[in-house]
Amino acid sequence: HKAMRPGAVLATYCAQGEARRAMEAAGMVTERIPGPPGKRQMLVAYRR
Numbered sequence: 608h609k610a611m612r613p614g615a616v617l618a619t620y621c622a623q624g625e626a627r628r629a630m631e632a633a634g635m636v637t638e639r640i641p642g643p644p645g646k647r648q649m650l651v652a653y654r655r
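Plus 607 on top of the position in the sequence shown (first one is 1) and you've got the working numbering.
Since the hints were made in silico from the structure, they are not lab data.
Take every hint as true, because none was put in to throw you off.
Only pairs whose alpha carbons sit at most 25 Å apart, straight line, appear in this in silico SDA-like list of lysine to any residue:
(1) 609 to 634
(2) 646 to 624
(3) 609 to 633
(4) 609 to 651
(5) 609 to 631
(6) 646 to 636
(7) 609 to 628
(8) 609 to 621
(9) 646 to 628
(10) 609 to 625
(11) 609 to 629
(12) 609 to 638
(13) 609 to 639
(14) 609 to 622
(15) 609 to 649
Label-pair restraints from in silico Cβ distances:
(16) 623 to 655: 19 to 25 Å
(17) 643 to 615: 20 to 26 Å
(18) 609 to 645: 29 to 35 Å
(19) 645 to 613: 30 to 36 Å
(20) 612 to 649: 17 to 23 Å
(21) 610 to 649: 20 to 26 Å
(22) 616 to 647: 18 to 24 Å
Positions of the beta carbon are idealized from the N, C-alpha and C atoms, including for glycine.
Let's have the full structure, built from the sequences with the hints guiding it.
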């Protein structure tokens, strides 16, 4: 998180609640989006 500039975007196929909560605890805004074929969801996080 500290290496990311404000406004940076991070996308991951790991959409587990634990990963999402950790990113939110680090001060990021998270959003679940539809994943590519074969994946239900992706997690996108934005640095404030």
